[in-house]
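Colleague: Residue strings, one per chain:
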Amino acid sequence: MTAAAITTAASARGAAFRRLIGQEALLAVAIIVLAIVVGFINPRFLATRNLSDILLGNAYIAIAAVGMSMVIISGNIDISVGALIGVLATVSGSLAVAGVPVIVAWLAALVIGVAVMAAQGAVIAYLRIPSIVVTLGMLSILKGGLISVTGGRWITDLPQNFHLADLSVFGAPMPVIIMVLATVLAALWMRHSPRGRAIYATGGNPEAARLCGVNPRRTVLMVFALHGFFAGLASLVYATQLRVIQSNTPQGLELTIITAAVVGGVSILGGVGTVVGSTLAAILIAEITSALVFINVSPYWTDALRGALILATVIADILRRQRRAAQGWKR
Amino acid sequence: MSVSVETRVFRAPPWLKRHETVLAIILIIALVGLGLMNDRFLTLDNLLDQGRFITETGLIALPMTFIIITGGIDLSVGAIVGLCAIILGHSWKTFGFPLPLAIAFALFVGALAGFVNGFVITRVKVPPLIMTIATLALYRGLAEGVSQAHSVRGYPEWFYFLGQGSVFGVPAQLLLLIVLIVIAGVVLDRTTFGRTLYAIGANETAARFSALPVDRVKLIVYTLSGLASGLAAWVLVSRVTTTRMDMGTGYELDVIAAVVLGGASIFGGSGTIWGTVIGLAMIQLLKNGLALTGVKGDATIVVIGVALILSVLVASSLERRQD
Numbered sequence: 000m001t002a003a004a005i006t007t008a009a010s011a012r013g014a015a016f017r018r019l020i021g022q023e024a025l026l027a028v029a030i031i032v033l034a035i036v037v038g039f040i041n042p043r044f045l046a047t048r049n050l051s052d053i054l055l056g057n058a059y060i061a062i063a064a065v066g067m068s069m070v071i072i073s074g075n076i077d078i079s080v081g082a083l084i085g086v087l088a089t090v091s092g093s094l095a096v097a098g099v100p101v102i103v104a105w106l107a108a109l110v111i112g113v114a115v116m117a118a119q120g121a122v123i124a125y126l127r128i129p130s131i132v133v134t135l136g137m138l139s140i141l142k143g144g145l146i147s148v149t150g151g152r153w154i155t156d157l158p159q160n161f162h163l164a165d166l167s168v169f170g171a172p173m174p175v176i177i178m179v180l181a182t183v184l185a186a187l188w189m190r191h192s193p194r195g196r197a198i199y200a201t202g203g204n205p206e207a208a209r210l211c212g213v214n215p216r217r218t219v220l221m222v223f224a225l226h227g228f229f230a231g232l233a234s235l236v237y238a239t240q241l242r243v244i245q246s247n248t249p250q251g252l253e254l255t256i257i258t259a260a261v262v263g264g265v266s267i268l269g270g271v272g273t274v275v276g277s278t279l280a281a282i283l284i285a286e287i288t289s290a291l292v293f294i295n296v297s298p299y300w301t302d303a304l305r306g307a308l309i310l311a312t313v314i315a316d317i318l319r320r321q322r323r324a325a326q327g328w329k330r
Numbered sequence: 000m001s002v003s004v005e006t007r008v009f010r011a012p013p014w015l016k017r018h019e020t021v022l023a024i025i026l027i028i029a030l031v032g033l034g035l036m037n038d039r040f041l042t043l044d045n046l047l048d049q050g051r052f053i054t055e056t057g058l059i060a061l062p063m064t065f066i067i068i069t070g071g072i073d074l075s076v077g078a079i080v081g082l083c084a085i086i087l088g089h090s091w092k093t094f095g096f097p098l099p100l101a102i103a104f105a106l107f108v109g110a111l112a113g114f115v116n117g118f119v120i121t122r123v124k125v126p127p128l129i130m131t132i133a134t135l136a137l138y139r140g141l142a143e144g145v146s147q148a149h150s151v152r153g154y155p156e157w158f159y160f161l162g163q164g165s166v167f168g169v170p171a172q173l174l175l176l177i178v179l180i181v182i183a184g185v186v187l188d189r190t191t192f193g194r195t196l197y198a199i200g201a202n203e204t205a206a207r208f209s210a211l212p213v214d215r216v217k218l219i220v221y222t223l224s225g226l227a228s229g230l231a232a233w234v235l236v237s238r239v240t241t242t243r244m245d246m247g248t249g250y251e252l253d254v255i256a257a258v259v260l261g262g263a264s265i266f267g268g269s270g271t272i273w274g275t276v277i278g279l280a281m282i283q284l285l286k287n288g289l290a291l292t293g294v295k296g297d298a299t300i301v302v303i304g305v306a307l308i309l310s311v312l313v314a315s316s317l318e319r320r321q322d
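For the protein sequence lines, the chains are A and B, in the order given.
So in numbering that gives the first Met the number 0, spot 309 of the first sequence is number 308, and the numbers just go up one at a time.
So in numbering that gives the first Met the number 0, spot 115 of the second sequence is number 114, and the numbers just go up one at a time.
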């Protein structure tokens, strides 16, 4: 690395750090304040059972949002991830029912997840097709393919030892362990390793990144492969919680995952954000969804609220950037 | 080297090399092929019937062509269809509007939804992709919230004319689509507004320095996209006789695939209405042909997804060779 590259990386780290402490602290405060307010209106919201349900039921969204954050930070987008999680859940469930050792069934989800996403990453990075076109096409391929292969049948009679999500280590349930590990390891890797920094460099300015010795294409390919790994992990947590695997995932799953990444402080213009923020945002979104039920708002308003949340965050992010750019010029 | 010798011997006329011409030839081959495989396919009744199904996505594909030519995209169109269908049904049934007023209100809401997209895209400079992903969630959510999952049915008889009636044997909505195709084609090809779209897509900064009203033009095309989605909702509700909150789900895929298949560059600056019309026809005939040969509906969206990716791949590799 040249001296210039090191200085750029250091100052980018400083700026990102200052900015993200803000976003992450804000999210943490929002999670706590919301819990207190809703708990005041309806104390049952604060029951341990409900809080753990929120965390366990949505850990997979936070895990998938880790990969999505990397994709968005690298300056791309992926709207096929919801469909992919559905496909992977069905594949590993079917394998387990067919009598394959559960370890193999779990690994299959990870391997296929990486393969599908790496293929998309290769087309995006090396053939220079915009990520929105590739992932929109892949969304329909996966969604249509899944339904026409399974014929909409549900997978039942899953073997008892398939349910990875039911395990716990030292009293901590597996979904939460995986979520925390994925978030912390990814956050440390992205902040401190050269390859992790390369993601920010590529998203911030691919040409500048190239001149600093980063290979933007290889970085995008790597990001998508990692995103596939996290999608596989998310599908495992999702599928092994279920007693019956249906051939459809929750409606608009990819939007929830994108919302978590964006609300978590990942700038949609690329180059900025952390996965700690996206995980906190995933928890906040799940908390809001649950809170609506407890304050007697119809759950049919959840999606509108999610849309409003992502819109407000995006607009605030862009306005903040513009203000900063204007200040920079004045100096 | 042998390639260059051959091109010297036979030089194809430029019109033959146009993307639209190539597509039209593929379309004719596909038509004949599907016709040979299934004798119900190439009948006038079947083809006119397909005209009914093409209209909803076709109406939206016209402004989508404009948007993609400017280098933008609108992913919220399917959600706007859902929102407008719900507004139409519920303002009539639940709020007791007279039906014509309910239709007008739904169209207004569609245009407003598109205007909001365009306003934030031009004023706040949010990238169109992100803005319309956000409003995709928001508008679909509003449709769910307003409807509370209740569907509306039992419209008066006259309301079904647009979706089910015919004029001289031609489906009513197809006539509407044809009129709008001609208008859109003329606007794009022969007016300052249309040429401005290409200028924006080719080089937005240059267009601004040429004193073109870039923001106003963009605002207009996104508003038109919302209005067309409202119109599509009206046609759709009239055709299927009921209003549900999940209407229009996935329309963005069909519409964008049609426009891109029709030769519009996803990077902006090129594209024609005629290409889009051929793209629309290809997608619908593909769906219909596959359905008639026994392929189920879910498998056809796989084919559309593949067609979308392949057409962009081929187009971009051709562009690179020309460079």
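These aren't lab readings, by the way, just hints derived from the structure by calculation.
We treat Cβ as the ideally placed atom computed from N, Cα and C, and that holds for glycine.
Be careful, since some hints might not be right.
Unchecked claim - Partial pick of chain B residues on the chain A-facing surface, computed with a CB cut under 10 Å:
1) L74
2) F96
3) L100
4) L128
5) T240
6) T241
7) D245
8) T248
9) V294
10) K295
11) A298
12) T299
Colleague: Would you pick out the hints that fail for this structure and give their numbers low to high?
Modeller: 2, 3, 5, 6
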